[in-house]
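> Model the full assembly from the supplied sequences, consistent with the hints where possible.
Just so you know, the protein sequences line up as chains A and B, in that order. In terms of the numbering used here, the first sequence opens at residue 1 and continues consecutively. In terms of the numbering used here, the second sequence opens at residue 1 and continues consecutively.
Please note: incorrect hints may appear among the correct ones.
[As the list claims (entries may be wrong)] For each label pair, taking beta carbons as the anchor points, the in silico distance ranges come out as: (1) Arg9(B) to Thr60(A): 30 to 38 Å; (2) Ser41(A) to Pro8(B): 15 to 23 Å; (3) Gln57(A) to Ser66(B): 42 to 50 Å; (4) Gly40(B) to Lys73(A): 22 to 30 Å.
Honestly, the hints are just simulated from the structure, not real lab data. Positions of the beta carbon are idealized from the N, C-alpha and C atoms, including for glycine.
So the chains spell out like this:
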Amino acid sequence: AQKITQTQPGMFVQEKEAVTLDCTYDTSDQSYGLFWYKQPSSGEMIFLIYQGSYDEQNATEGRYSLNFQKARKSANLVISASQLGDSAMYFCAMRGGGGKLIFGQGTELSVKP
Amino acid sequence: DTGVSQDPRHKITKRGQNVTFRCDPISEHNRLYWYRQTLGQGPEFLTYFQNEAQLEKSRLLSDRFSAERPKGSFSTLEIQRTEQGDSAMYLCASSFARAFTDTQYFGPGTRLTVL
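Next comes the structure, spelled out in structure tokens:
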């Protein structure tokens, strides 16, 4: 069965510093996709970044980058130059059969001024 | 391009009542997904459609739940005889399926409270 594990329930980071949110996954599929979403207190899930299992380069989107280590089955999200507006829940997800997403428990990030 | 919209945003109902939620996907998207999210948890898959065909339903989707996407555009999720355990955020997402890289974009969700 496919599974996503996020072991950090909560994280604090100082404004303008970088932060890494951990995500490990378990799957027996050779081809899979990994996603990160941000969920502010308003509730909407906002897509941040995608990494395909066959992508040789780590994905980057502006201040977001994904540290993909296939052998270790990890897909950590790195946010550079944290901003106050980055305070939110962050979810790692894997595409399962049929395209549905399997989510982790989430990490609550708090950015301190 | 407008995003995914959901209506209503909030719904308070009494136990035993029926409720219906609506989701309007991004216009060119052919896939539509429903998820449920309880407090402190990640979203859990309920069901999904490709065009008007419902292709998969989770075991979480009891007989009291039904979803439709009659013309391959908007979708409705109905819960009959609501129970307090149905209280959750119901999220809708849509995507354009192509190969393996379709990204799901979520709506703002419908927060259901069952009293």
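> Look at each hint and say if it fits the structure.
Status of the hints after comparison with the structure:
1. Taken as a hint, the range 30 to 38 Å holds for the pair Arg9(B) and Thr60(A), whose Cβ atoms sit roughly 33 Å apart.
2. At roughly 19 Å, the beta-carbon separation of Ser41(A) and Pro8(B) lies within the given 15 to 23 Å, and the hint holds.
3. The hinted range of 42 to 50 Å is satisfied by Gln57(A) and Ser66(B), whose Cβ atoms lie roughly 43 Å apart.
4. At about 25 Å, the beta-carbon gap between Gly40(B) and Lys73(A) stays in the expected band of 22 to 30 Å.
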